Each structure stands twice: as structure tokens, then as C-alpha cells.
Amino acid sequence: MFAFGKRYRKIEELERAVSVCRNNAENNYKDAAQGGYQDFRTRYEELKANGALDARQREHYEQLLGELEEAMKGFWHTNH
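With our numbering applied, the sequence shown has no gaps in its numbers, which climb one by one up to 80 at the end.
Because the hints were derived from the structure by calculation, they are not lab data. Model, not experiment: these values are computed from the prediction. Warning: the hint list may mix true and false statements.
[To be verified] Pair by pair, the computed Cβ-Cβ distance ranges are: (1) 63 - 23: 16 to 22 Å; (2) 42 - 73: 16 to 22 Å; (3) 55 - 32: 29 to 35 Å; (4) 54 - 28: 31 to 37 Å; (5) 54 - 30: 29 to 35 Å; (6) 38 - 12: 16 to 22 Å.
[Stated by the list, open to error] Subject to a maximum C-alpha distance of 16 Å in a straight line, what follows is the list of computed EDC-like cross-link-like pairs (lysine to aspartate or glutamate): (7) 48 - 15; (8) 73 - 31; (9) 48 - 62; (10) 73 - 26; (11) 48 - 13; (12) 48 - 59; (13) 48 - 12; (14) 30 - 70; (15) 30 - 69.
For every residue, glycine included, the Cβ atom is placed at its ideal position computed from N, Cα and C.
Given the sequences, and given the hints that come with them, work out the whole structure.
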């Protein structure tokens with residue numbers, strides 16, 4: 001039961017990071033949205049590498065990561 005609670009907090013952490021990133025993007029806070037995306041991506045990769053996410057969770061967060069990555073494409077201050 002303890003392991004379930006621990007896993008739930010980790011998922012909640014990722015959901016919160018996605019929400020913050022999306023909210024910042026919707027409000028056109030480009031730097032904050034980019035930072036939130038990087039935080040989500042980093043934490044997701046850590047959890048994935050540690051085996052803390054099952055296959056269904058990995059699939060869900062990979063999809064969210066792809067959606068956020070697509071949304072962040074236009075969020076740069078300069079075009080290179």
C-alpha cells in the first residue's frame with residue numbers, strides 16, 4: 001500500500017507540471033512555459049529511467065510530452 005501512495009505522488013507531480021506548462025502557454029508566458037516543459041521532460045525521464053512508471057503511464061506521458069513539444073515549437077523569442 002505504501003508503494004501505491006508513493007507512485008501516486010509521482011504521477012500527481014507530472015500532472016501538475018503539465019498543467020503549469022499548459023497554463024503558462026495559454027497565457028503567453030513563453031519563458032515560464034518553456035521552463036515548465038523542460039521540468040516535465042526532465043522529471044518524466046528520471047521516473048522512466050528509475051522504473052517508477054508502468055507501461056500505461058509511460059504511454060500516457062509520452063503522448064503528453066509529444067503534445068507539449070509540438071506546442072513549444074513556436075515559443076522561442078528568436079527564429080534561428
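How the hints compare with the structure:
{"no.": "1", "hint": "63 - 23: 16 to 22 Å", "result": "holds, 19 Å"}
{"no.": "2", "hint": "42 - 73: 16 to 22 Å", "result": "holds, 19 Å"}
{"no.": "3", "hint": "55 - 32: 29 to 35 Å", "result": "holds, 32 Å"}
{"no.": "4", "hint": "54 - 28: 31 to 37 Å", "result": "holds, 35 Å"}
{"no.": "5", "hint": "54 - 30: 29 to 35 Å", "result": "holds, 34 Å"}
{"no.": "6", "hint": "38 - 12: 16 to 22 Å", "result": "holds, 19 Å"}
{"no.": "7", "hint": "48 - 15", "result": "holds, 15 Å"}
{"no.": "8", "hint": "73 - 31", "result": "holds, 13 Å"}
{"no.": "9", "hint": "48 - 62", "result": "holds, 10 Å"}
{"no.": "10", "hint": "73 - 26", "result": "holds, 14 Å"}
{"no.": "11", "hint": "48 - 13", "result": "holds, 14 Å"}
{"no.": "12", "hint": "48 - 59", "result": "holds, 11 Å"}
{"no.": "13", "hint": "48 - 12", "result": "holds, 15 Å"}
{"no.": "14", "hint": "30 - 70", "result": "holds, 14 Å"}
{"no.": "15", "hint": "30 - 69", "result": "holds, 13 Å"}
Of the numbered hints given earlier, the model fails none.
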